[in-house]
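Chemist: Go by the hints and put chain C onto chain E.
Sequences listed follow chains E and C, in order. In this text, residue positions in the first sequence follow the numbering used here: the first is 422, and each later residue adds one. In this text, residue positions in the second sequence follow the numbering used here: the first is 422, and each later residue adds one.
Treat the hints as calculated values from the structure; they're not laboratory data. A few of these clues could be false.
Copies of the same chain are indistinguishable here, so a pair counts whether it falls within one copy or spans any two.
Said to hold, decoys possible - Taking lysine-lysine pairs in the DSBU-like style, the calculated list, with each CA pair at most 35 Å apart, reads: (1) K662 x K608; (2) K611 x K540; (3) K514 x K540; (4) K608 x K436; (5) K611 x K662.
There are 2 protein chains.
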Amino acid sequence: MHVLIIGAAGMLGRKLTQTICRSGQIGDSHVDRLSLIDVIEPPAPPAFNGKVSTVATDIADPLVMERLVATRPDIIFHLAAVVSAEAELDFNKGYAVNLDGTRYLFEAIRNAHEREGYKPRVIFTSSIAVFGAPFPAQITDDFFLTPRTSYGTQKAIGELLLADYSRRGFFDGIGIRLPTVCIRPGKPNKAASGFFSNILREPLAGLPAVLPVADSVRHWHVSPRRATGFLVHAATLDLAKTGYRCVLNMPGLSATVAEQIEALRRQAGNAAVALIRREADPLIEAIVSGWAEDFDARRAIELGFVADESFDEIIRHHIEDELSERQQL
Amino acid sequence: MHVLIIGAAGMLGRKLTQTICRSGQIGDSHVDRLSLIDVIEPPAPPAFNGKVSTVATDIADPLVMERLVATRPDIIFHLAAVVSAEAELDFNKGYAVNLDGTRYLFEAIRNAHEREGYKPRVIFTSSIAVFGAPFPAQITDDFFLTPRTSYGTQKAIGELLLADYSRRGFFDGIGIRLPTVCIRPGKPNKAASGFFSNILREPLAGLPAVLPVADSVRHWHVSPRRATGFLVHAATLDLAKTGYRCVLNMPGLSATVAEQIEALRRQAGNAAVALIRREADPLIEAIVSGWAEDFDARRAIELGFVADESFDEIIRHHIEDELSERQQL
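So that you can see chain E by itself, here it is in the shape it has in the complex (with noise of 0.2 Å):
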């Protein structure tokens, strides 16, 4: 089996790379070919018991999506997209890589489709910024579409076209929701919720981070071991029992600031608690009320998604994931 991942650089796509590279198959299938693309060059796997292409691209180019479509993969990972402040700051760059890359890479299989009945797997991540606040106490699977960004509104439109191609049989596919990614692994980064990880990534690398809510701030959180399981399920699962309806609420955990808090103290001890520093920012402050606290998301949940339990096994995974391997290198 071939598998395309676009977006392959990112940290959701180096885990992907990671985990089929380990398994050396999704599902039951094999994999014996993996293309790796991005607009930088992603890392080549360590270890691939297979045919590897690792290459840099701008995906915003037709001819781009022809060409990667061409080579038939049987599954195609769509992770790839101008994040949300980008796509803020420069609107045309937004639409052209969100937006018309989409479009692009799904117009190249309808067209491979009309040839030669050509038919993959889609999986498309999209988020929880398809939602806008005023919001009720737990989002519902039926809740709408009210992107209060141009990245919210990129994906929102993705998830359309997704599910009107698939309609249509030119492909399978599946979009998920995911919610905000915790632990982030690497450096602490400007996102404005970056700071949900960095209060416990940072500490438990015995460096101080700072915070710059109220503990009692709500957030809807997946881990990423959890996130990456959420795409090879999306992988493999029966399309049928989506239907029509093929963009889903992933689970998560919802958490306040402080049960973070409580989870890094009881796995990490108080040492590492104190080296958050209380320092409100009315900017960041102000961007978090807008978002998403809570879902019930009962569709994915009974469709076989699995999110995290708790904060002290995100922590655990995390130590496991990330600082064992850190040690060993």
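Modeler: Same frame as chain E, but now just chain C:
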């Protein structure tokens, strides 16, 4: 004030043109220029005290949209669309007109906005086709977008673009999701929804009509007069009241076929009702069973949009607007 109507040759476009020409204004503003655009040349209004241009053109062309926007209309009604059945049959044409044409219009406005601060009011007609079965008993204002046709998908994408371009300040956009227009004037057509109008319009003219579904079928209607009223109201509404959620389910009249027929009996007698012949059509029955039956359009009602009160009123208005005019010819 300069008013541009894109889709001016269609039924609603012609009604809107007549309404504007009759009053010479929209809200309190005098209309001194009318630009009427469609894929076929719209009829010139019989009496209008100002400059009129009528143009046949293809809106799926970015240069056409640049040229239209270069005339700097103050109000733009965007009513043009490839309709549901055609967009389903001709995938490329539907996306070219309904998605690309809409985006070219919005982009042309954005370019003019960024160059010189141009900021018109844009009224975009959407459709209840953005919703797909299964439905709740009444569809509320926060029900999710689940189109089951390419037309519905394209309208939903147009709504999302309208909201994002409005949020960004490029224009003042408002989207209105119209119920099925009934009684549509003119000849019977092949639209699956056509019979809702046929069973009233034809008997009112002394002609036979076929009813292909059960009397118990319930649907969501608006008269041409009220639909035109929605457009004019949308052109003048204070958009501070809609906020980010600038696309509204229009109010309508939920009625069964039996209720339509009883209204016909009250307004035109048993002889008219006797002209309706029942002839079940399984294909139309199947299509209609996937349509919305009723809405709770609370937001639009609070914002002053006014629906028909009864099918008796719809029939009386049809007689006034269509049959008396026809007799004058």
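Chemist: If a hint holds in the structure, say so; if it does not, say that too.
Modeler: Outcome of the hint check:
1. In this homomeric assembly, K662 and K608 never come within 35 Å of each other (Cα to Cα): the closest approach is 39 Å inside a single copy and 43 Å across copies.
2. Taking the shortest Cα distances, K611 and K540 sit within 35 Å of each other only across copies (33 Å), while inside one copy they are farther apart (39 Å).
3. Taking CA atoms no more than 35 Å apart as the test, K514 paired with K540 passes in both settings, with 29 Å inside one copy and 22 Å between copies.
4. Taking CA atoms no more than 35 Å apart as the test, K608 paired with K436 passes inside one copy only; the shortest distance there is 16 Å, against 61 Å between copies.
5. Proximity of K611 to K662 under the C-alpha cut-off of 35 Å is restricted to the inter-copy arrangement: shortest distance 34 Å between copies versus 39 Å within a copy.
The structure shown violates just one earlier hint, number 1.
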